[in-house]
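All chains should be built: construct the whole structure from the sequences, respecting the hints.
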Amino acid sequence: MIDLAGMNITMASGKGGTGKTTVAVNFAWFLASAGQRVQYLDCDVEEPNGHIFLKPSITESSPSKVMVPVVDQEKCTSCGECGLKCQFHAIVNLPGDTLIFPGLCHSCGLCVAACPAGAITEGDREIGIIEKGKATKEMDFIHGVLNIGEAMAVPLIKRVKDGRRDSCVHIIDAPPGTSCPVVATLTGSDAVIMVTEPTPFGLHDLKIAIDVAKLLDIPTGVVINRDQGGYPPLTGYLEAAGVPVLAVIPEDADIARHYSQGGIILESLPRYIDVYRSMAENLEKLLDIHSSRARRVMIS
Amino acid sequence: MKEIVVVSGKGGTGKTSVVASLACLIDRKAMVDCDVDAANLALVLNPRVIEEKEFTAGKKARIMNEKCTACGVCRDMCRFNAISEDFIVDPVACEGCGACFFYCPASAVEFETPLAGHCYICDTPAGDPFVYAELSPGEENSGKLVTMVRTEAKARAEHAGLSRVLIDGPPGIGCPVISSITGTSLALIVTEPTASGIHDLERIAQLARHFSLPAAVIINKSDINPACTNSIDQYCSRNNIPVLGRLPYDATISEAQRQGKAIVEYAPDLPVSKALREISEQIISIYKE
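Protein chains in written order, with the numbering used here: chain A, 1 to 300; chain B, 301 to 589.
These are computed hints drawn from the structure, not numbers from a lab.
Far from chain A, some chain B residues (derived; all Cβ distances over 12 angstroms):
no.	residue
1	M364
2	N365
3	Y535
4	I586
Below are the DSS-like pairs computed for lysine-lysine, each with C-alpha atoms no more than 27 angstroms apart in a straight line:
no.	chain 1	residue 1	chain 2	residue 2
5	B	K444	A	K214
6	A	K85	B	K444
7	A	K158	A	K65
8	B	K454	B	K444
9	A	K161	A	K207
10	A	K158	B	K360
11	B	K359	A	K158
12	A	K214	B	K360
13	B	K353	B	K444
14	B	K359	A	K65
15	A	K161	A	K132
16	B	K359	B	K444
17	A	K158	A	K214
18	A	K85	B	K359
19	A	K207	B	K359
20	B	K360	B	K444
From the three backbone atoms N, C-alpha and C, an ideal C-beta is built for every residue, glycine too.
Right, dumping it as structure tokens:
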């Protein structure tokens with residue numbers, strides 16, 4: 001009996017297009033069909049795709065805003081203190097005018113505290129929307145959609161994760177890459193499933209992504225997607241790095257076709273249910289190992 | 301200087317494989333890998349590194365234990381929850397705003413610029429200038445590193461008397477993508493005929509339009525879902541985006557990648573290589589315009 005209630009399981013990869021979303025939606029679908037309460041959270045806010053496959057009914061849509069400073073030019077003495085302190089070059093002080101560049105602002109609030117004239121207050125700016133709904137009876141759905149032209153993905157990712165409920169297992173779909181949006185997604189995860197492909201590009205980016213997971217101290221397992229009978233550089237690296245393989249999904253034209261149409265693979269190709277079941281069981285083992293390790297550390 | 305940037309929105313549509321082939325087919329250009337999170341172009345270009353530069357951007361706070369009075373002002377000021385109850389700054393959560401540094405009454409916070417990555421200035425075996433970078437794992441400021449690699453590549457191109465730059469862009473539509481496309485002449489979007497591919501194509505095409513940047517499309521793996529390819533054609537024609545070519549699916553491309561080669565040099569007689577040659581001729585004429 002699989003029980004992952006309350007766990008935060010993130011799908012990441014480094015390289016894009018390795019099958020993160022495919023594995024995430026099918027794993028979520030598998031867990032829901034096995035009787036788990038699931039929340040699917042799409043943190044790839046730049047290019048969210050989970051909804052294409054899960055086809056949720058959206059019941060709630062709200063704009064997501066971040067704090068930006070608003071300058072009262074009447075009160076502003078043009079002392080320059082705010083622009084001097086702002087580390088993000090979001091404020092430029094001109095004689096008689098203080099300009100704010102909202103796209104560069106990190107919403108740290110330093111300028112508000114720094115202004116000796118009390119001329120800066122907190123306003124807000126929309127960076128995208130959060131949509132919530134239901135994918136199936138057992139599966140809740142949340143995603144963030146970043147506005148076009150918006151550079152600030154991290155606050156929206158944090159907002160998607162704020163929607164988590166304790167009673168569910170959270171399946172979190174990460175964006176590609178290894179920098180701040182991925183870190184924001186991975187932070188607080190109980191385990192990360194790295195979905196990789198057996199190619200030089202896939203392996204190169206997987207190594208960087210695993211380094212990020214190590215930096216954040218998150219237990220990591222790998223799913224090898226589109227396997228064509230083994231790729232020694234990949235298996236050699238995983239053995240040396242001590243990263244377990246949770247599942248191997250073969251290259252299969254049927255999967256590619258169902259994927260291209262936006263379908264759930266397990267619905268159309270039930271022969272893969274066993275692959276996802278063993279993925280879940282291996283994930284539980286990974287979580288067990290790490291929790292018993294954590295206990296040992298606490299006792300010692 | 302004319303810069304063409306290859307983007308996709310969705311990851312894994314074949315950007316880098318297309319750029320690797322164009323690199324073989326277009327002469328007299330500099331090349332840049334702007335996917336600084338996960339740079340792959342070097343794996344097929346086999347470059348020789350001429351110069352390595354350090355990348356620093358943004359500061360990080362560190363609390364000096366011996367001076368800290370545990371007053372809690374820093375924790376109250378920090379909006380990124382980067383300071384623990386025992387006053388240790390989490391360097392990953394710290395966005396480098398400096399609030400703790402400026403307001404610590406005991407001056408117990410150091411605020412320094414850590415090394416955040418490396419930029420590599422190279423030559424390819426064919427003699428083209430090539431610049432790529434590696435952002436340190438988990439670092440911020442990828443947009444600034446993108447700007448650095450582009451600036452270095454343009455300088456190298458000018459020095460070599462070249463007027464063309466070919467850029468391999470990152471996936472997505474956020475910060476590093478915006479840094480990669482601003483000021484370029486054309487966004488060459490590599491897409492694939494899948495439900496996700498179309499969805500993401502529309503968002504990257506909207507981004508190009510948002511920045512008044514002309515776009516053109518290459519449909520990769522065009523034969524895996526003809527109905528979807530048809531939808532992409534219709535979308536492009538509705539939005540006046542030219543489709544420069546269609547590349548058939550071919551497993552040999554992965555094989556070429558494993559050998560560290562572009563498909564056009566590994567198997568020049570395949571239909572996919574022929575299609576890439578036709579695309580490269582159009583791109584050469586775009587560079588001339």
